[in-house]
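Student: Sequence:
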Amino acid sequence: MSDKIIHLTDDSFDTDVLKADGAILVDFWQSGAVRAK
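If you read the sequence shown in numbering that gives the first Met the number 0, its first letter stands for residue 0, the second for the next number, and so on.
Worth flagging that the hints you see were computed from the coordinates, not collected in a lab.
One or more of the hints may lead you astray.
Restricting the straight-line Cα-Cα distance to at most 20 Å, the calculated cross-link-like pairs of lysine to any residue (SDA-like) are [to be verified]:
{"no.": "1", "residue 1": "K3", "residue 2": "G21"}
{"no.": "2", "residue 1": "K3", "residue 2": "I23"}
{"no.": "3", "residue 1": "K3", "residue 2": "W28"}
Since we're looking at a predicted model, the values are computed, not measured.
Could you put together the complete structure from these sequences and hints?
Tutor: Take a look at the structure:
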C-alpha cells in the first residue's frame with residue numbers, strides 16, 4: 000500500500016490533487032513551528 004503514497008508540494012498540488020481522476024485522500028501534517036495570526 001505504501002507504493003500509493005505520494006508527497007505533495009505547493010507546486011504539484013493542482014496537478015496531483017485538483018486535476019486527479021478519482022478520489023483523493025490528503026493527510027496533512029505540519030512540521031516545524033506553527034504560529035497563529
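Student: Each hint: holds or not?
Tutor: The hints, checked one at a time:
no.: 1; hint: K3 with G21; verdict: holds (14 Å)
no.: 2; hint: K3 with I23; verdict: holds (11 Å)
no.: 3; hint: K3 with W28; verdict: holds (18 Å)
Violated hints for the displayed structure: none, as all numbered hints are satisfied.
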